[in-house]
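Visitor: One letter stands for each residue in the lines below.
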Amino acid sequence: MSNRKTIGAACALALSAATAAEAAGTLTIGEVVNVVAGWDMASDDAYLGSRSGCYEGLTKVDFDGELKPSLATAWSQSSPTAWDFKIRQGVTFHDGSPLTAEAAANALNQLLAAQVPARAFSKKNIKSVEVLDTETLRITTVEPSVFLPGQLASPATTILAPAAYKDGKVNPIKTCTGPFAITRVDAKQGMTVKRNDNYWGGKPKLDGAEIKFISDANSRATQIRTGEADIARMISATALAQFKNLKNVRLEQTKAPRTLMLLLNNKKKPFDDIRVRQAIQAAIDTSAIAAAVYEGAATPAMGPFRATDPWAPANQKPSYDPAKAKKLLAEAGIKPGSLTLNLWGYVSKVELKDVAAVVQEMLGQVGIKVDIRMAEYKAIEPDMLAGNFDMAFMSRGYLTDVPEPIGFINADYSCSGSFNIAHYCTPEMDAEIGKIYGTKDQADRFKMYANLGEKIQKDAINVFLVHESSYDAHATKIKNYRAHFINYYTMMPGLE
Amino acid sequence: MWTIALKRFTLLCATCVFISLLAFIVPYMNGGDPARTILRSRMGDVALDTEAVEALRISLGLEQPLYVQYLSWLKAALSGDFGYSFVSRAPVGQEVLRSLGVSFTLAMAALGLALLVALPMGTLVALKPGGRLDNIVTFLTQSLVAIPEYWFAPISVLIFSLYLGLLPSAGWQGPSYIVLPALVLSLRPMAYFTRVTRAAMIDVLQAPYITAALSRGLSMRQTVVHHGLRNGSMPVVTLFALWLAGLLGGSVVVEVIFSIPGMGRLIYEGVVNNDVPVLQASFMCIVVLSIVINTIADVLYILLNPVVRMGHVH
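Read top to bottom, the protein sequences are chains A and B. Using our numbering, the first residue of the first sequence is number 1, and each one after it goes up by one. Using our numbering, the first residue of the second sequence is number 1, and each one after it goes up by one.
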């Protein structure tokens, strides 16, 4: 670093020296996103605040997907629509003010009053947030909901000190409770965090971190190879080969809850016929896509969920069977070569053009012609939402706002779902989804997800292609680093 | 002089109105719901709540007819208020000025580097046109023009950051961070400047006043430096101005690869995210600057060229 700085400074005329020397115990992190929306809680900025080790909510989702206490020590449902949360005592915000039930209520009420509501916590589903006593907060939902504690782990529901909220804007500097305090922010370039010596969960081991915003995946990969960064988040699958023989860098794979799907327009011919949908499903070899396009960095899908998810249906099997596909098409009265379908993909996900070519080839094998159209996502979205398409690619996370797939199932498969691009709608499915919202026992809910997952796959509502993995790279000298499966945390107190 | 100034000012106003309309329309040209696009850029997720989309639409005034949106922008802009970014809600003026400062620094460094190499190189080869050095330089300049930035940038990072460990690979935190992107950006202007200097110098060196200077006993070096270069560099001044205006918003590839918060990235993200206020202010700024830079170049041209200065040429 000193060599780089010396020569660099000499090269660049007589301007002042570059970066500050790295303090002992300070990390440099290559982060994907920058501060996009002025720390609006309904934006990705809340995730950034959480990953920086500053933001904390009433609950948290640990690295195994379990819901754990955070700023609330316990919670209970006092009625189907009311939840009481016990606020942790002895916690102070970074500005020294104490965490109280009033402060927590203020933070959540600020979120409810936001001009643009947060998906995890809005007036649509939350009726009120009240202080019961100095230690207890009551949150009342509009409809009975078992998911509220999970929603309160979302970074959007972070509790900041009252001083953080002014004129509808949020200021995270000195207003969080987490193990690290944000001390400097440059919305485009990066931010600095410093250890919070008074952290309620014990003194963090690191002094702090320099978090650099580097949107280009290859540049992040380079930063860790040059030693400029100690952790680089979200290394692209195509860059993984660079790290194979590097002894001082380790890759952390996260089996992200994200699936690449081939959406089928169920309301349009010929996909209103289940046999044609099943034929498409049987004609596509997902293992070949995972191996050829993703070079093994993705897992072939056998349904909407990963086989390792606790709510995954048992005995998932690959659906590839071209003979069955031909038979189903014949039964549906579709002669080889008589059917042409359009397939849409979006250019921001570069590998989709390759997946599209493979799918085109595979469907060609069973006599279906495919016209591929690759465009910007925003250009094709209106037609997808309106149902003016045959098939479209969609890379979609299935854990949104809560660590269970309820949000995904409701948005994508209920009649009134906000992201039901397949235009699938049956009263039976709606009734099943409705039941989940009222099921208190998590194990029972997991069984219900498994049943729905099985039905979605059996009816070939969409074709699930691969489950995408994400990779974080870190220097081997970094200890206790774990990549969080839904990207909630990076700077943890145990990191050293 | 005043006629030129008036003409330039009229041109500036007309161009600004045209560009502001264009900036307003560009995000709508490839379809899509602007409110959904803006919200998606803030959330990084495709599945959006309909309520949130509608709330954002109203809060940004996007539910109003396009001409109403444009006119209210124009009214505010005339009083110097360019509004707030649809995405970050930060004052657009601040965002644009900051990015412009970054891009200006980068462009000046790149073009300065290009000039440092091109002027002596172009002059040197012009002394012996068709010679071995001329052939090598012609080959090199033609190659440099053909090298795309998206290829040369990663290669330069590999060499200077990864293998040699001399320079930082990305960021914008100090002087050392300018070197690599400036080098990458300088290659093409360097090639053009060299070719133009060469051609101009060949013309100039055949002029009678050069022969006169040499016959007065001046050395070749003195003649070239004091008489030749002054006239030979004039086309480069015009070219420099054109490149400077172009690089202010046109170095998006380099800015993305090197994580530089400049105008190219600001405009690119503005188009992708439907951030109309940012686009309008950015375009406006670049147009005004381009015209100002070209006017300065014209003035310099007059100062450098006595023929123009004395009013012999119109």
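Worth flagging that the hints you see were computed from the coordinates, not collected in a lab. Computed from a prediction, not measured in an experiment: that's the story for all the values here. Any given hint could turn out to be false.
[What the hints assert, rightly or not] When the alpha-carbon atoms are kept at most 35 angstroms apart in a straight line, the in silico DSBU-like pairs for lysine-lysine are as follows:
hint : chain 1 : residue 1 : chain 2 : residue 2
1    : B       : LYS7      : A       : LYS166
2    : A       : LYS86     : A       : LYS123
3    : A       : LYS124    : A       : LYS335
4    : A       : LYS169    : B       : LYS75
5    : A       : LYS86     : A       : LYS247
Visitor: For every hint, state whether the structure bears it out.
Guide: Against the structure, the hints come out as follows:
1. LYS7(B) / LYS166(A): violated (48 angstroms)
2. LYS86(A) / LYS123(A): Cα-Cα ~22 angstroms, so holds.
3. LYS124(A) / LYS335(A): Violated, because 49 angstroms separates the two Cα atoms, which is more than 35 angstroms.
4. LYS169(A) / LYS75(B): holds (26 angstroms)
5. LYS86(A) / LYS247(A): Violated, because 47 angstroms separates the two Cα atoms, which is more than 35 angstroms.
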